[in-house]
Amino acid sequence: MRTGARAFHRLNQQNSISPRLTIAAGLVALFVAIPLGYIFFRAVTGEPEVWQRLLQTRIWTLLGNTLLLVAAVTSGALVTGVSMAWITERTDLPGRGIFRWMLALPLAIPAYIGGILHLTLLRSRGGLIPQLLESLFGQPIPTPSPLGFWGAAFILTIFTYPYVYLLSAAAFRSLHASLEEAARTFGRTPWQTLWRVTLPALRPGLIAGALLVALDILAEYGTVALLRYETFSSAIFVQLSGRYDRSAASVLSGVLVTLAIVILWGELRLQGQARFTQMESNWRPAPRHGLGKWKLPAFLLILGVISASLLVPVSVLAAWSIGAFLDPKTLASVFRTGSQGFGSFAWNSLWSSGLAAILAVTLSLPVALLSVRYPNRFSRFISRFCQVGYAIPGVVIALSLVLLVNRLLPFLYATPLVVVIAYVLRHMPQAVRASESALGQLSPSLEEAARTLGRTSLQTLFQITLPLVLPGLLAGGALVFLTSLKELPATLLLRPAGFDTLAVRVWVWAEDGFYMQAAPAALLLVLVSAIPLSFLLRREQVFK
Amino acid sequence: MTTLEVQNLTKHFTGSGEAAVNNVSFALQNSEILALVGPSGCGKTTTLRLIAGLERPDDGVIRLNDRVVASKNTFIPPEKRGLGMVFQDHALFPHLTVFENVAFGLRRQTQKQLHETTTEMLTLVGLAHLAKRYPHALSGGERQRVALARALAPRPVLILMDEPFSSLDADLRHAVREQVRGILKSMCATVVFVTHDQEEALYMGDRLAVFQHGQMEQIGKPEQIFHASTTRFVAEFIGGSDFLTGETAPDGIRTAIGVLPQPLDLPMWTPVEIALRADDVDFTVDSAGNGMIAERFFRGAFNVYRLRLDTGQILHACKSHTELISPGARVRAYISAEHSLAVFWKGQAVSNESR
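These protein sequence lines map, in sequence, to chains A and B.
Under this note's numbering, the first sequence has 392 at position 93, and the numbering climbs by one with no breaks.
Under this note's numbering, the second sequence has 286 at position 285, and the numbering climbs by one with no breaks.
This is chain A alone, in the form it adopts within the complex:
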């Protein structure tokens, strides 16, 4: 057990700011600012008739659809995530250790792949389950359709609840036993204690989880497109790829980004001061509740969640992959050589995501160093600013880069580098947060000691700071790598012809109905994602 992570933010004091560092961080912020600023510029300067047409026809429907989905999935993920966390962290259910992993691992499955699987299983015409039921009973049995709002809400909930699960499990863990004991000594029943003390104490974790889910849903393209539920992201995608109406896309993007920024701002307001639950050295875990006769229902509940989100998708993928390998024709088309081969999809995925991870972590360093070592209004602004990428959906980044690169850097257009830039912009916040938290745990006196022992600031950075924060930086890199691997809409819009990643290939094949052919690629994508994910999970308190 770690004894209380110490944060070394210096308060009320401020070193003389290093100009080199300020310039470097400023340049990074500028790099992040340009695409965002450009979208707003295009949206505001969009032709009035485009605005008018969209206001009259599309915007209100899209706004309603998007907000409804965000609300439904966020509350679904909160309920699922918190109840799963309560069962694995606070009850005596057997097999908790394995369930923890299985509840977190769906993060390695992109929601659209889950969507494809559930669609092939459940769709009313030709779905595997309706077919099975029909052959069993001799007549069609009505099954719930995965299409539309409810389908999208269901699929997105079961693939985003792990965010809430991880954060609330960590919060349940860090709760001090005496907190609940104190409530009990004041005459509260366990049930009252849960509602009045435990859940409010979890609030920071819950809000952070809800924010991640909400922003994820705003940015989601693949699942909603697949399940034919129109949101801002999918509408922008259609405008961009099908109709080539960039003015309309800009206007819609402006509205979408505003929506995301409102959510981000709301999180900051709600979080207030209660951001961290401090684990002190005299921490001891709260006692577990005995489930008694509720053991079986709890077990079935967890089983249901992990079946839908992990077991069924992975086994179906595995079964289809085996099927694909057994069928020579499919096998041949999976392993076609040259730029169309399976190896090249995997390689493209790996190098573009890997490069994005390295770039994002490198760029995040000056920002994190400035905001952690020289905390003031300016450095806080830079750091916050570099985190707006959270709020910019992939389709919007794609649109912005299409417009900007065409105009300013035509030589970059239709190269894989644009895809990498999109990944970096979109996932910069994860790198910045990871670097900040790593640097925040490093005592500044270590750097100062190196200075008094004759090292320049640059030597200190390379000999002391970087070696010591390396694990934290690697975690940030792993997170960027993982999310870039799964990224779909920006890759689809920006990739040059012939640049296929695993995600793109799975999507294209599945759209054309070649599920068998898509399965090996999808399975590989899930397995490759599981590697950085398990590295990240191992760093978490809950999995130690």
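By construction, these hints were calculated from the structure, which means they are not laboratory data.
Backbone N, C-alpha and C define an ideal beta-carbon position, used for all residues, glycine too.
Misleading hints may appear alongside valid ones.
[Claimed, not checked] Sample of chain A residues facing chain B (criterion: CB under 7 Å; computed from the structure):
1) Ser742
2) Ala748
3) Arg750
[As the list claims (entries may be wrong)] Pair ranges (Cβ atoms, derived):
4) B:Ile77 / A:Trp564: 44 to 50 Å
5) A:Leu590 / B:His96: 44 to 50 Å
6) A:Gly336 / B:Phe14: 32 to 38 Å
7) B:His116 / A:Ala332: 49 to 55 Å
8) B:His116 / A:Gly653: 38 to 44 Å
[Claimed, not checked] To list a few chain A residues with every Cβ distance to chain B over 10 Å, as calculated:
9) Phe340
10) Gln351
11) Ala370
12) Ile397
13) Met401
14) Glu433
15) Arg487
16) Leu505
17) Ala631
18) Gln686
19) Leu708
20) Phe813
Here the structure of chain A is known, so what remains is to put chain B in place on it, guided by the hints.
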């Protein structure tokens, strides 16, 4: 020979109205230990960091061996000042062994020299046998000594120590500080030492500088600071004195517990305060009396009584442990000191020259 000279040093931090260090000047002779002492936030640590070059002064001049290292136009970065610093949290590099930590500051030396110097320093602090360990495998006192060896190894002109013992347990602290003072003196090191503990300052410092609100209140030898405090704050912070109000009169200073026959260069009927330590006050049990015992504290060889005078003022008095008087008893308190006492008018000492 003057090693360190600080003139009119001033530092503001943005966002706070008061200067963290306000017009501080002092000089330090070769192989002298100066203890900067004061309550937290008094500017002592900032002064140390300014000398180290970890902060940039807004005003004033710092000279090391007659070389200007910080002034309005000059700023020598810390790595070029040739100082050694011991940090509050020791700041040992966790990814380096004890040996590598101590050798970190030794550069431009042959491997052989480097090995010799490091071993010599580790032997000096008595840790040669732990050279291959990593810092996390050391006890608090051992870490403290590694930090000292690391700071001493490059033979710096000046050692800076920022509350080096505050992370140690009370027992260990006394043992370690005796060792550390011995090592520093044996090397004839010139040291600026920061602490918030007045007892530690009195023990470690050849001289003390008492800080409050960014200003240096008094600098001098421990005895001077203790017995001849120039301000009320110093008397309170270093001496733990009570302050008895009184008023100048023809026969001395009139107070609630009698007249102190000590002439002052002040106009008649000026309100003043007399600093009284527990051994300056005594009492007799007397039902008429001028106060009562509020509480008794057992201190081993003697008892300390907290007295509440009828005027409401609180004084402390000590008596030997053979005599026990219960709280609540009426007593007559009086000044028992046979030496003259420090008297303050508007916070400043008056008529110190009589002692």
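What hints, given by number in increasing order, does this structure fail?
Structure breaks no hint.
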